[in-house]
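Respectively, the protein sequence lines represent chains A and B.
Be aware that the first sequence starts at 6, since it is given in this note's numbering, and climbs by one per residue.
Be aware that the second sequence starts at 7, since it is given in this note's numbering, and climbs by one per residue.
It cannot be assumed that every hint is accurate.
With a straight-line cut-off of 16 Å between C-alpha atoms, the simulated EDC-like cross-links for lysine to aspartate or glutamate are [unchecked claim]:
hint: 1; chain 1: B; residue 1: 506; chain 2: A; residue 2: 274
hint: 2; chain 1: A; residue 1: 245; chain 2: A; residue 2: 274
hint: 3; chain 1: B; residue 1: 282; chain 2: A; residue 2: 250
Source of the hints: derived by calculation from the structure; they are not laboratory data.
Model, not experiment: these values are computed from the prediction.
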Amino acid sequence: MSEHLEVLKTYKIYVGGNFPRTESGRYYKVFDSEGDLLANACLCSRKDVRDAVKTARGAFNGWASRNAYNRGQILYRIAEMLEGRRAEFEKQLSRIGFTKAEAESDVNTSIDRLIYYAGWTDKYQQVFGSVNPVASAHFNFSILEPTGVTGIFAPENSPLLGLVSVIAPVIAGGNVCVVLASQAYPTLSILFAEVLNSSDVPGGVVNILTGKKEELAEHFSSHMDVNALLYTDALNTDMKKMIDENASLNVKRIVKKNIEDWYSDKSQDPYLLLDFQETKTTWHPVGF
Amino acid sequence: MSQTADTKEKPYKPTSPNSKLDFASIWEYDPAPESSDHVEIKDKYELFINGKFVKPSKGRYFKSTNPATNKVLTEFAEATQKDVDSAVKAARKAFEGEWSSISAKSRGKYLFRLARMLQERAREFAVLESMDGGKPIRESRDVDVPLAAAHFFYYAGWADKLDYAFPGKTPEPLGVCGQIIPWNFPLLMLAWKIAPALACGNTVVLKPAETTSLTAMKFAELVKDAGLPDGVVNIITGAGQTGAEIVNHKDIDKIAFTGSTGVGKLIQRSLAGTDKKFTLELGGKGAFIVFEDAAIDQAVEGVINAIFFNQGHVCCAGSRLLVQEGIADLLIRKLKDRMESLIVGDPLDKNTDIGAINSEQQYETINKYLEIGVEEGADVFQCKCSIPDAGYFIRPTLLTNVSQANTVVQEEIFGPVLTIQTFRTADEAIEKANNTPFGLAGGVWTDKGSKIFKVGSELRSGVVWANTYNKFDPTSPFGGYKESGVGREGGLHGLSAYLKLN
Numbered sequence: 006m007s008e009h010l011e012v013l014k015t016y017k018i019y020v021g022g023n024f025p026r027t028e029s030g031r032y033y034k035v036f037d038s039e040g041d042l043l044a045n046a047c048l049c050s051r052k053d054v055r056d057a058v059k060t061a062r063g064a065f066n067g068w069a070s071r072n073a074y075n076r077g078q079i080l081y082r083i084a085e086m087l088e089g090r091r092a093e094f095e096k097q098l099s100r101i102g103f104t105k106a107e108a109e110s111d112v113n114t115s116i117d118r119l120i121y122y123a124g125w126t127d128k129y130q131q132v133f134g135s136v137n138p139v140a141s142a143h144f145n146f147s148i149l150e151p152t153g154v155t156g157i158f159a160p161e162n163s164p165l166l167g168l169v170s171v172i173a174p175v176i177a178g179g180n181v182c183v184v185l186a187s188q189a190y191p192t193l194s195i196l197f198a199e200v201l202n203s204s205d206v207p208g209g210v211v212n213i214l215t216g217k218k219e220e221l222a223e224h225f226s227s228h229m230d231v232n233a234l235l236y237t238d239a240l241n242t243d244m245k246k247m248i249d250e251n252a253s254l255n256v257k258r259i260v261k262k263n264i265e266d267w268y269s270d271k272s273q274d275p276y277l278l279l280d281f282q283e284t285k286t287t288w289h290p291v292g293f
Numbered sequence: 007m008s009q010t011a012d013t014k015e016k017p018y019k020p021t022s023p024n025s026k027l028d029f030a031s032i033w034e035y036d037p038a039p040e041s042s043d044h045v046e047i048k049d050k051y052e053l054f055i056n057g058k059f060v061k062p063s064k065g066r067y068f069k070s071t072n073p074a075t076n077k078v079l080t081e082f083a084e085a086t087q088k089d090v091d092s093a094v095k096a097a098r099k100a101f102e103g104e105w106s107s108i109s110a111k112s113r114g115k116y117l118f119r120l121a122r123m124l125q126e127r128a129r130e131f132a133v134l135e136s137m138d139g140g141k142p143i144r145e146s147r148d149v150d151v152p153l154a155a156a157h158f159f160y161y162a163g164w165a166d167k168l169d170y171a172f173p174g175k176t177p178e179p180l181g182v183c184g185q186i187i188p189w190n191f192p193l194l195m196l197a198w199k200i201a202p203a204l205a206c207g208n209t210v211v212l213k214p215a216e217t218t219s220l221t222a223m224k225f226a227e228l229v230k231d232a233g234l235p236d237g238v239v240n241i242i243t244g245a246g247q248t249g250a251e252i253v254n255h256k257d258i259d260k261i262a263f264t265g266s267t268g269v270g271k272l273i274q275r276s277l278a279g280t281d282k283k284f285t286l287e288l289g290g291k292g293a294f295i296v297f298e299d300a301a302i303d304q305a306v307e308g309v310i311n312a313i314f315f316n317q318g319h320v321c322c323a324g325s326r327l328l329v330q331e332g333i334a335d336l337l338i339r340k341l342k343d344r345m346e347s348l349i350v351g352d353p354l355d356k357n358t359d360i361g362a363i364n365s366e367q368q369y370e371t372i373n374k375y376l377e378i379g380v381e382e383g384a385d386v387f388q389c390k391c392s393i394p395d396a397g398y399f400i401r402p403t404l405l406t407n408v409s410q411a412n413t414v415v416q417e418e419i420f421g422p423v424l425t426i427q428t429f430r431t432a433d434e435a436i437e438k439a440n441n442t443p444f445g446l447a448g449g450v451w452t453d454k455g456s457k458i459f460k461v462g463s464e465l466r467s468g469v470v471w472a473n474t475y476n477k478f479d480p481t482s483p484f485g486g487y488k489e490s491g492v493g494r495e496g497g498l499h500g501l502s503a504y505l506k507l508n
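Bound conformation, chain A alone (with noise of 0.2 Å):
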C-alpha cells in the first residue's frame, strides 16, 4: 500500500455562494472528541455579520418569487447531495463523538427533514392561506410570503441534524437568513455549505457563518435590515434582555423555541415555517 499523507481541509465561511475567510482575519480553535485539533475555525466579526445581510438581502426577491414547486425541487436536491456524501458527514460526526449509529440516524433524519419540507412548499398556501367571505362586494384573500432576512443561531449540540431543521423551513417559506453555526462543532456546517453549494441553492439564500454568539448576537439583534431571529438553545437571561432589545430597534420578529430532542417528529412542523411568514390581504372590487 502506498503511503497517502492525509490532506487536511480548511474550514472558511460561506457568504452569497462563495467560501471566503472572514474578513478580520482572526480564527478559534475547534477540537475533536479526543482533544486533537479538529480545525481552525474563522472567528467571525461584525463586519463579517453586516457583509453576510447584506448579500442575503440581494438574494431575497429572487428566492421569494421562486415558484413553489421550485423551490420544493431545490430542497430535495439539498437531500439527494446529503445522501451522497453521507460518509464525509458520518465521519465528521464521529470525530466529534458521534457512534457510527448515532452518525448514521443523524445523517437519515437530517436527509428525511429536508424532504418533509420540501414537500410543504407547495402546500403551506393551500392549508394556511384563505379566502375571506367579507360583506361587501369584493373579492378578499390571504396569502402568506416571508418576513425576508433571517438570522439563525443554530442550536449548538445538534450541529447537522439540528442546522438542517432550523434552515430548512426558514428557506423552503421563501426566506434567506443568516446562520451562526455551533461554534463548538462548526465544521458540520461548513461540510453542509459544500453541499448547499452543489444543489442549485442560489448563492445568499443561505449563509453560514462561524463565531461567538457572546461577541455577535449583538449585532444580529441589532441589525436593522435583518427581519427576525430564530434561536433554539436556551440563552442566558441577558443575552435573551439584550437580543429583545435590539429586536425593537426595528421590530424583528424573534421567534425563540425550545426544542431538545431533534430526533422527534414534533420539531419538524409546518407551523415552524409559518412563524417566517407574513399574511398578506388583498382586496379588489367585484362587478362589471
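Based on these hints, arrange chain B on the given structure of chain A.
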C-alpha cells in the same frame, strides 16, 4: 335653502371657478345635525374592574373634551398602579375560575349578545363616538359601530370551533391579556381586541386612549348588561403611564397594542426578556399607486377615501400618492376639484365629510409636519373650504414637489395630508412604495388584472387594496410587515394572536 337673502352675512362658501364640481356656489347644504338629545353622558366615569364601576385608588380624574367644540364632555378616572393590579387580579381570577369552566359554546353566546346589544344601541354609540373623537357621524354610524358589532358577531362563532382553525394543533387560551388601543377608531379597536381574546377563552384588561374613552366606558355597561362573569372584561382609563403599568405587570400573559410605531417599539423593548407574547399594530405610510390605465375618476374617489377618511387618522391611510407621469397633471387637477367639494365641519352633521382633528396635540403635530414640508421645499395646496372657528380643524391638504427623502414622505403624519410623487415605470413605483420603514397597506389602481397581481405581490405590506381603499371586514386579516407591526387582527389569522398552539 333660499338663494336670495342675506348673502353678506353668510359664512364664506368655497367656490372654484375652474371646477366642474362647483356645487357650492349654486346650492348650499342645510345643516343636518344628528340629534344628541337621546345620549346620556355622565359627569364622571369610574373604572370598570371585576364587573363593577369603582373609583380610582388615587382619586384622580382627567377631563375629556369634544375636539369639535373644545368643550369639556366628561371626566375619566385615572388608573394607577394599584388599579391596574386589581384589574389584572380580577382578570386572573376570572380566567382561572368561571370563564374557563363555562363551555366554549356559552363563551360564544356571550359574544353574540354583545354584538346584538351593540347593534341595538348603535346610534347612541355612533353619536358618542363622533362627539368624543371628532369623526363625522356618517363614518361612526356607517363604519365604526356596525363593524364593531360585526367583529363580535364573527368571533362569537369561532369560540366553539377553534379546533378547526389550526390543523394538527390543540389550541389553548393564553390567560390574561393587556390591551392598549388608540384614539382613531376607539370602539372598533376595542372590538378588534376584545372579541378574539374572549372567543379564544382569555380575559382582558383594556385601556382606551385618554382622549377617546367614552365609548369604551359605555361598552363596559354592555358587558354588565350582557351578564358576562365578573372580571372577564376590565376597562381602565388613563394615559401613557397607565399603559406602561399594564405592559409591565408581571401577571399579564400577552400584550396587544395598536398605536404609533414609536410607542410600539417602546413596548417591545419593555417586554424584552419576558415570556409575554405580544402583537403590535403600528403606523404606516401607505402608497397609493395610480397607473395610466386606471379608471381615473374612480381613482380620484379612491384617493379621497384613502387620505381623508377619518381626517387621515388612519394607520393604513394612503398618504403617499404615486401617480404615473402621463396622467399626473390630469389626476391632480381632478383631485383638487374634488377636494373643493369636501365639507369640513361639525362631526355631528350628516353632510360633513371631514370632522375635527382628534386633539390639540394631534392638531399641533400635523401643523408641525406641514411646516417641515414647506421648509423642505414642498408646495402646498389646501381647500378653500370654510372651517369652524372653535375646535381643531385642518383643511384637506396636498403636498407636491416632494422627494422620497422628505420628512413628510417618510414619516406618518396621521392627518388629512397627502404627498404626491410621480413615477414612470412599475418598478419605480414599487421601489418608491417600499422605500419607508413601514409596511402596513398599499393601493394599486389599474385596469389590468395581471398588473394588479404583480404589483400587489411586490408591495411589502400586509394589506393591498386594488382599485379600492380603506375597506375593512372582520373576516379579513389586517396587520403590518416591517416596522408596521407583528401579528394579524381579523379573520382566522387573528385567532393565533390569542392562542397557544400545542
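The hints, checked one at a time:
Under the criterion of a C-alpha separation no larger than 16 Å, the hint pairing residue 506(B) with residue 274(A) is consistent with the structure, at around 15 Å. Only pairs whose Cα atoms come within 16 Å are accepted, and residue 245(A) paired with residue 274(A) is rejected, the gap being roughly 24 Å. For the suggested pair residue 282(B) and residue 250(A), the alpha carbons sit about 14 Å apart, so the restraint of at most 16 Å is met.
Of the hints listed earlier, the one the structure fails to meet is number 2.
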